[in-house]
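Construct the entire structure; sequences and hints are all you get.
The sequence shown: position 259 = 258 (numbering that gives the first Met the number 0), numbered continuously.
Derived by calculation from the structure, the hints in this document are not laboratory data. There could be a bad hint or two in this list.
Taking CB as the label site, the calculated pair distances span [as the list claims (entries may be wrong)]: (1) Gly208 with Lys81: 34 to 44 Å; (2) Gln45 with Gly208: 36 to 46 Å; (3) Lys281 with Gln44: 31 to 41 Å; (4) Lys66 with Glu129: 43 to 53 Å; (5) Thr70 with Asp236: 40 to 50 Å.
For lysine to any residue, the following SDA-like pairs were computed, each having C-alpha atoms within a straight-line distance of at most 25 Å [as the list claims (entries may be wrong)]: (6) Lys233 with Pro185; (7) Lys252 with Lys284; (8) Lys233 with Gly206; (9) Lys121 with Thr70; (10) Lys187 with Gly77; (11) Lys78 with Lys121; (12) Lys78 with Asp33; (13) Lys94 with Gln12; (14) Lys271 with Ser282; (15) Lys78 with Arg60; (16) Lys189 with Pro273; (17) Lys247 with Met0; (18) Lys281 with Thr118; (19) Lys121 with Gly208; (20) Lys205 with Gly156; (21) Lys72 with Gln119; (22) Lys252 with Ala286; (23) Lys65 with Ser92; (24) Lys271 with Thr261; (25) Lys252 with Pro185; (26) Lys271 with Lys78; (27) Lys189 with Asn151; (28) Lys247 with Phe288; (29) Lys94 with Met27; (30) Lys271 with Lys247; (31) Lys65 with Asp80; (32) Lys184 with Glu268; (33) Lys66 with Ile132; (34) Lys205 with Glu150; (35) Lys81 with Gln12; (36) Lys65 with Gly50; (37) Lys284 with Gln243; (38) Lys78 with Ser92; (39) Lys65 with Met27; (40) Lys78 with Ile132.
No residue lacks a Cβ here, since even glycine has one placed at the ideal position from N, Cα and C.
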Amino acid sequence: MIWGISTQPATLQGVATVESLVGRNFDMIYRYHDIAQTIPDEVEQQAVAEGRILHLSIAAREYADKKLVVTYKDIAAGKYDKSISAQGRGIASLKVPVFVTFEQEANQHRKLDVRGDATQFKAAWRHIREVQIAAGATNAVWTWVMTGAPENLDRAGSLWPGNDAVDWISWNVYNASGCNSGQVKPEKYKTFAEALAPFYDWVHSKGPGLGIDPNKPMMISESGSVMYNGDLAKTADWYSQVPQVLQKYPQIKAFTLWASRTSPACNYEFQKEPSVAAAVAKSAKMAPFTDRLALAKSSR
0 MIWGISTQPA
10 TLQGVATVES
20 LVGRNFDMIY
30 RYHDIAQTIP
40 DEVEQQAVAE
50 GRILHLSIAA
60 REYADKKLVV
70 TYKDIAAGKY
80 DKSISAQGRG
90 IASLKVPVFV
100 TFEQEANQHR
110 KLDVRGDATQ
120 FKAAWRHIRE
130 VQIAAGATNA
140 VWTWVMTGAP
150 ENLDRAGSLW
160 PGNDAVDWIS
170 WNVYNASGCN
180 SGQVKPEKYK
190 TFAEALAPFY
200 DWVHSKGPGL
210 GIDPNKPMMI
220 SESGSVMYNG
230 DLAKTADWYS
240 QVPQVLQKYP
250 QIKAFTLWAS
260 RTSPACNYEF
270 QKEPSVAAAV
280 AKSAKMAPFT
290 DRLALAKSSR
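Below, the structure written as structure tokens:
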């Protein structure tokens, strides 16, 4: 099992801080870029030099201009080929396998049919992949990342780029407890198993009819539970569930923790709560996290 982390700030010092709390190193770091940024940046170069695996997500955005709408149609038409090709050369320069995702969680309502429709998304995905391969990025492991929420599954089904254009299937698993409303609602609690299963089951039951090969390697790209202030034992217990559940899903080869906060209520910074960090540390010493997976092209 590849064990990953995504921190804010997205620095190696941030990763090291979490590692000191959980008692072991992370195999992989997950980082995010827009369509125009340099890949790899200094942090990513150093991470690879340290022997870490990278998962890089490329968004249909330009972070420097929040008003600019980057459309899937424009990407597929070649408008961003110069930067996409440069990113491909950067990935190739690393000379190790790199997980690469275009537009993670594209089945979100704020992305699909806003930046483009499903057909345009698939065309953009395939175009980016082709441009980067032409630039030498044959070491990229193309990883399709969706939200795991049941209400978004039908939308995910329209976004499959094709078995020839995807190496790994991934989704994000959260116990958000309604935090996007501005407050944590304990009655909306979901166990790790309850949050994980809908997407996995959907891939296996509905995927073949949608042209999806359900036997591809799988990854949980982001995962975490909100903090239940006043009942942190509930949050700690959620993280304690993870190893036992993952052992039931041998197809899942990688798991990444989201150690960040997107709003006061949507707080996943387990590392800042000693009792929760202790639960993560205990999980880190259990199978399947003790079974290191050597990532090689043979796993694709």
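Pair hint outcome, Lys65 versus Ser92 [Cα-Cα no greater than 25 Å]: violated (30 Å)
For Lys121 and Thr70, compute the direct alpha-carbon distance and say whether it is at most 25 Å. holds (12 Å)
Quick one, are Lys247 and Met0 close enough, alpha carbons at most 25 Å? holds (13 Å)
Does Lys247 sit within 25 Å of Lys271, going by the straight-line distance between their CA atoms? violated (29 Å)
Given hint Lys284 paired with Lys252 - CA-CA distance at most 25 Å: holds (17 Å)
Taking only the CA atoms, is the gap from Lys66 to Ile132 under or equal to 25 Å? Violated, at roughly 30 Å.
CA of Lys271 to CA of Ser282, is that 25 Å or under? The given pair, whose Cα atoms are some 17 Å apart, holds under the 25 Å limit.
Outcome of range test on Cβ distance (Lys66, Glu129; 43 to 53 Å): violated (29 Å)
Hinted pair, alpha-carbon criterion (25 Å max): Lys78, Ser92. Please report holds or violated. holds (24 Å)
Hinted pair, alpha-carbon criterion (25 Å max): Lys205, Glu150. Please report holds or violated. holds (15 Å)
Taken at face value, is the distance from the CA of Gly77 to the CA of Lys187 at most 25 Å? violated (44 Å)
Does Phe288 sit within 25 Å of Lys247, going by the straight-line distance between their CA atoms? holds (13 Å)
When the structure is compared with the earlier hints, violations turn up for hints 4, 8, 10, 18, 23, 25, 26, 30, 33, 35, 36 and 39 and for no others.
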